[in-house]
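Undergrad: Each chain is listed here by its residues.
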Amino acid sequence: MGSEIDSHIRNHTWDLVPPLSGRKPIASKWVFRLKLNADGSVNRYKARHVAKGFTQQEGIDYEETFAPVARFTSLRVIISITVMEDLELHLMDVDTAFLYGELKEEIYITQPEGFIHPDYPTYVCRLNKSLYGLKQARRVWYETIDSFLKEKGFCKVNSDPYIYIYLSSSGKVIIFLYVDDLLIAASPSLLDSIKQMLHQRFRMKDLGEATSLLNIEIIRN
Amino acid sequence: MLRQLGYLRSILTYSMSNCKAISTPIEVKTSLPKLPATPTSALSIPYRQAIGKLIYAASSTRPDISFATSMVSTHLQAFDTPHWEAVKRIFRYLQGTLHYGLIFNSNGQSLLTLEGYSDADWARDSSDRKSTSGYLFTLKGASISWMSKKQDTVALSSTEAEYIATTHAAKEALWLRGLLHDLGYPQESATIIHEDNQGCIALSKNPIFHTRTKHLDVQAHFIREQVRTNKVALNYCPTENMVADFLTKALHSPQLIKLCQLAGIIPTTHHC
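Just so you know, the sequences run in chain order X and P.
The first sequence: position 42 = 42 (my numbering), numbered continuously.
The second sequence: position 224 = 224 (my numbering), numbered continuously.
Among the hints, erroneous ones may be present.
Computed spacing ranges between beta-carbons, pair by pair [as the list claims (entries may be wrong)]:
{"#": "1", "chain 1": "X", "residue 1": "Asp86", "chain 2": "P", "residue 2": "Gln261", "range": "23 to 33 Å"}
{"#": "2", "chain 1": "X", "residue 1": "Lys104", "chain 2": "P", "residue 2": "Ala233", "range": "43 to 53 Å"}
{"#": "3", "chain 1": "X", "residue 1": "Pro121", "chain 2": "P", "residue 2": "Ala78", "range": "45 to 55 Å"}
{"#": "4", "chain 1": "X", "residue 1": "Lys135", "chain 2": "P", "residue 2": "Gly178", "range": "24 to 34 Å"}
{"#": "5", "chain 1": "P", "residue 1": "Gln77", "chain 2": "X", "residue 2": "Ala27", "range": "49 to 59 Å"}
{"#": "6", "chain 1": "P", "residue 1": "Gly52", "chain 2": "X", "residue 2": "Ser147", "range": "29 to 39 Å"}
{"#": "7", "chain 1": "X", "residue 1": "Trp30", "chain 2": "P", "residue 2": "Pro254", "range": "49 to 59 Å"}
{"#": "8", "chain 1": "P", "residue 1": "Thr269", "chain 2": "X", "residue 2": "Trp30", "range": "41 to 51 Å"}
{"#": "9", "chain 1": "X", "residue 1": "Asn158", "chain 2": "P", "residue 2": "Thr74", "range": "25 to 35 Å"}
{"#": "10", "chain 1": "X", "residue 1": "Ala27", "chain 2": "P", "residue 2": "Leu43", "range": "30 to 40 Å"}
{"#": "11", "chain 1": "P", "residue 1": "Leu156", "chain 2": "X", "residue 2": "Lys104", "range": "52 to 62 Å"}
{"#": "12", "chain 1": "X", "residue 1": "Gly2", "chain 2": "P", "residue 2": "Gly178", "range": "42 to 52 Å"}
If you are wondering where the hints come from, they were derived from the structure by calculation, not from laboratory data.
Ideal placement from N, C-alpha and C gives every residue a C-beta, glycine not left out.
All chains should be built: construct the whole structure from the sequences, respecting the hints.
TA: Laid out in structure tokens, this is it:
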């Protein structure tokens, strides 16, 4: 819980403001989850502070919410290419990915339970950044990573909006985006520079060689 | 190699974790009755949860259970003991094939050629006489895309059922060709789709058999257009080598094992 609050502070997710009359803040709560590895063993315990997005009102608290979903077929096609071209296949995950995007709407939420400011208990949080649970959270994150990759010279694949490709004389990089997980298939000479590029912009965990994604184990000989 | 050993172990619940393995996911000629409503005695069965888990496995690494899973999932609205027994049989099959996964080989060539298989089982469902479509696509022998689906309309002949199935396969072929093109692997020639019905192949080339096909919907002629413009080509393949066969009907164990091998679904020796 502490590390979640730390990342909100570092990220300047919200400002504490007096409540506006006539504008009800969206309720928030804590969600606790047990993360498992692909083989079923315990990875870590996770706490996340989320907005109760179902209380949001269309036109006031959100507008666009659609975000595309990746296909298993695309993943298998990338695996085929990786094997044929003998690319490196690595996995990275973005810490608190949904907190990156800039919000277009003005949104207020209640203070996180257990972390209520002692001097201003009645204040509410005015969001600067997107938050888990908001209806538009996925979309805002997708827009953020999409514009970042394009800026760095990646091309979005027409047939699948979750695949980005980068070609240069020294090789190729294919990125498969699954929400906040990035599967990176890269020529060995490009792998490190791609990771560095991502680290510079986002706080990321480098999970090294990809051994599992979406409950699918990836085994390379 | 892609596999789901851990996931499959975790879904073998419903007091199935020590169940006895069985060699096929569904008994040959299985027919499940269509019920008006779930009887009270069956309400406590976790039918939908179990199928949700099977669908995840079927669509990520296990095309061999796709047909059986799609069959039980047409009864989500109303089910009883026979349906639940069919679900449990799929789990028993998984119990014996936990180590199976999709194999990807590099085999030296630097060409990524897409190949497909399309099949149909005519009037399989005895309650509404609708047929089942199935397709499977491979890249260098590795399965990358597959589907098993009951057709929306009633086909009047096996050729017609096959023809409708090739439409689904052709749509997928077009999308895959586009994806491969975008990723730098344009398919220079037409994508071969293997098909075991000569009448269907003839029909895709020429508007023959007018009296028997004049009623076919416009969308079924989509395949003819794709053949004419050289995007796909239908190629005859004898039924015993028709990989998509296991996506349209229940097979006996030796044939299922043979087709699984052709589709690159094989046991792994790697342990974790």
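Undergrad: Compare the structure with each hint and give your call.
TA: Here is how each hint holds up against the structure:
Distance hint check: the CB atoms of Asp86 of chain X and Gln261 of chain P are about 25 Å apart, consistent with the given range 23 to 33 Å. The supplied range of 43 to 53 Å is met by Lys104 of chain X and Ala233 of chain P, whose beta-carbon atoms lie about 49 Å from each other. Between Pro121 of chain X and Ala78 of chain P the CB atoms are about 53 Å apart, so this pair conforms to the stated range of 45 to 55 Å. The supplied range of 24 to 34 Å is met by Lys135 of chain X and Gly178 of chain P, whose beta-carbon atoms lie about 31 Å from each other.
Restraint check, Gln77 of chain P to Ala27 of chain X: a C-beta distance of roughly 35 Å breaks the suggested window 49 to 59 Å. At about 35 Å, the CB distance of Gly52 of chain P to Ser147 of chain X agrees with the hint of 29 to 39 Å. Against the hinted window of 49 to 59 Å, the Cβ-Cβ separation of Trp30 of chain X and Pro254 of chain P comes to about 55 Å, which satisfies the hint. At roughly 44 Å, the beta carbons of Thr269 of chain P and Trp30 of chain X sit within the given window of 41 to 51 Å.
At about 34 Å, the CB distance of Asn158 of chain X to Thr74 of chain P agrees with the hint of 25 to 35 Å. Separation of Ala27 of chain X from Leu43 of chain P is about 34 Å and conforms to the stated range, judged on CB atoms against 30 to 40 Å. Our hint of 52 to 62 Å for Leu156 of chain P and Lys104 of chain X holds, since their Cβ atoms are close to 54 Å apart. As the Cβ distance of Gly2 of chain X to Gly178 of chain P is approximately 47 Å, the hint placing it in 42 to 52 Å holds.
Comparing the model with each earlier hint shows a violation of hint 5 alone; every other hint is respected.
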